[in-house]
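Chains as they are written, first to last, in this note's numbering: chain A, 103 to 398; chain B, 103 to 398.
Do not rely on the hints blindly, as some may be mistaken.
Note: identical chains are not told apart, hence a pair may lie in one copy or across any two.
[Stated by the list, open to error] For lysine-lysine, the following BS3-like pairs were computed, each having C-alpha atoms within a straight-line distance of at most 27 Å:
#	residue 1	residue 2
1	K343	K215
2	K107	K392
3	K393	K305
4	K305	K392
These aren't lab readings, by the way, just hints derived from the structure by calculation.
Protein chains: 2
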Amino acid sequence: MDDIKDGIKYLFQTKNKFTLCISGSAHAAMETALCNLIEKDDIVLVGITGIWGQRVKDMAQRYGAKVCTIQCIQWGYQLEVDKIYSALEQYKPKIFYLVQGESSTGVLQNHLKEIGEYCRSFECLFVVDCVASLCSTAFFMDKWFIDVALTGSQKCLGAAPGISPISFSDRAIKVFQQRRTPVTVYYFDLQPLGQYWNCWTNKSDRIYHHTISTTLLYGLREALAQVCTQGLENIILRHQKSSERLQKSLQDLGFKLFVKNSFCRLPTITTILIPNEIGAWRAVCEYAMKKYVVSK
Amino acid sequence: MDDIKDGIKYLFQTKNKFTLCISGSAHAAMETALCNLIEKDDIVLVGITGIWGQRVKDMAQRYGAKVCTIQCIQWGYQLEVDKIYSALEQYKPKIFYLVQGESSTGVLQNHLKEIGEYCRSFECLFVVDCVASLCSTAFFMDKWFIDVALTGSQKCLGAAPGISPISFSDRAIKVFQQRRTPVTVYYFDLQPLGQYWNCWTNKSDRIYHHTISTTLLYGLREALAQVCTQGLENIILRHQKSSERLQKSLQDLGFKLFVKNSFCRLPTITTILIPNEIGAWRAVCEYAMKKYVVSK
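Hey, can you work out the whole structure from these sequences and the hints?
Set out below in structure tokens:
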């Protein structure tokens with residue numbers, strides 16, 4: 103588990119002591135970020151560029167937050183930095199949740215460092231979901247003033263799904279420690295989880311919380327070892343080159359890409375505009391699913 | 103996923119349509135049972151025969167329940183049926199949560215059918231945690247009037263940990279459908295989970311909820327196939343015979359067992375009284391951990 107913590111720190115480019123895994127899918131890591139930081143009536147600002155932002159809105163409301171949102175001008179676009187600044191100024195949220203890689207639209211959100219600086223100036227916790235983007239594009243948790251980063255194991259990392267890395271800054275942990283009410287979900291509660299993952303002290307004094315999946319743990323450890331061996335820069339470059347090649351070939355074939363600005367295209371997910379003569383995207387899905395047995 | 107549902111139905115001896123897995127440890131399945139049935143100020147009765155009952159008390163309180171408890175006369179004993187009846191009569195709880203196999207004390211709770219009948223007569227939902235007991239002792243979800251049953255994958259089933267079977271009776275689902283407030287945890291919410299696992303309709307019309315661990319899913323499918331091939335009765339018998347042999351050998355060596363009544367001994371976990379001349383159990387643990395590198 104200590105090796106895994108070290109690997110995740112490298113992955114997120116952070117020195118955070120409170121770096122661990124959640125025993126569940128990336129959705130479980132999203133719950134963990136939210137339920138440990140939100141108390142009833144806290145203001146949470148959510149950036150929406152696709153379904154993941156929409157889901158976070160729903161999740162945060164269930165924990166009793168007052169949720170405000172900012173949305174991109176149209177699907178396929180990132181959020182504008184000025185709009186984020188204005189929203190932070192207007193709503194003064196405790197938390198700003200932003201998705202770096204929106205898998206539903208194929209959008210990459212840029213300018214995270216600038217946004218992180220804004221959040222810090224408004225004393226707002228900056229939570230970044232890099233499930234679909236990590237290892238395919240730059241990510242610097244500490245340098246970019248990110249307070250919570252979370253990702254999955256089965257995307258660019260290529261490990262088995264079911265275990266999800268997450269990291270909390272000292273600022274986020276301070277907010278957690280100042281809670282007036284208990285965390286609603288014991289399974290995601292950072293207090294016992296931190297004892298299990300030995301995040302609270304430097305002594306190796308772990309306390310059992312739940313039965314972690316050793317199978318997934320060993321798989322993740324190996325995937326992290328491979329990332330360390332290959333080097334983050336090389337892995338990112340490989341993903342970006344593959345993506346550029348795919349984008350170019352699709353355009354050469356006459357397809358138009360859904361994300362117009364090439365700077366905002368997620369290297370991991372390339373979304374294509376369905377040509378007018380084909381009609382609804384549903385028809386394409388159904389054809390592909392029947393012909394190539396692609397699962398939903 | 104359909105094969106797994108069939109396997110779990112056989113395991114729990116139920117015909118419940120709402121049978122699925124939670125993507126997490128058995129602790130996550132406990133959360134699922136509680137957060138889908140509890141609404142603020144609901145009365146929940148918890149039977150306590152060791153740490154798992156105590157943990158359920160804590161978990162249910164976090165979801166806003168008014169928790170009442172009944173405790174065994176002393177660690178190492180099961181709960182008496184009369185005491186349960188009186189508590190059901192006194193508190194009129196919405197839910198009664200009982201642990202069939204308390205791994206912290208090695209106690210097997212008997213008389214589940216009788217208790218199930220009592221619960222039904224008081225219109226109380228009967229939730230049984232059979233994490234440490236299933237496949238080592240009889241369990242009949244439908245015949246015993248159990249409304250929610252949950253277990254882990256890595257105990258008697260012998261699959262990889264990290265995915266947890268759970269089943270809900272029609273009565274429990276009706277209570278879920280009559281909720282006035284949303285389920286606090288989207289990750290555990292039966293509405294989207296049921297769509298993902300195709301529990302709501304007979305059409306194969308699944309909706310994506312989270313990325314399930316295919317690795318764990320295939321492992322569990324194989325474990326369930328082995329249970330079906332060997333037959334539940336034979337697996338239970340094998341566990342019971344091994345346990346009896348272990349208990350006899352320990353007693354032949356002069357050890358006393360922690361659970362005095364042989365009828366209440368969990369076939370999966372045999373707890374031993376530390377002899378007076380050795381002193382504290384902690385000393386035994388430390389010795390074992392140092393000498394045999396046993397993990398906590």
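Each hint tested on the structure:
1. Proximity of K343 to K215 under the C-alpha cut-off of 27 Å is restricted to the intra-copy arrangement: shortest distance 24 Å within a copy versus 63 Å between copies.
2. In this assembly of identical chains, K107 and K392 lie within 27 Å of each other by CA distance solely across copies; the values are 24 Å between and 42 Å within a copy.
3. In this assembly of identical chains, the alpha carbons of K393 and K305 lie at most 27 Å apart only when taken from different copies (21 Å versus 56 Å within one copy).
4. When the C-alpha separation of K305 and K392 is checked against a cutoff of 27 Å, the pair qualifies only between copies, where the shortest distance is 17 Å, while the shortest distance within a copy is 56 Å.
This entry satisfies every hint, going by the numbered hints stated previously.
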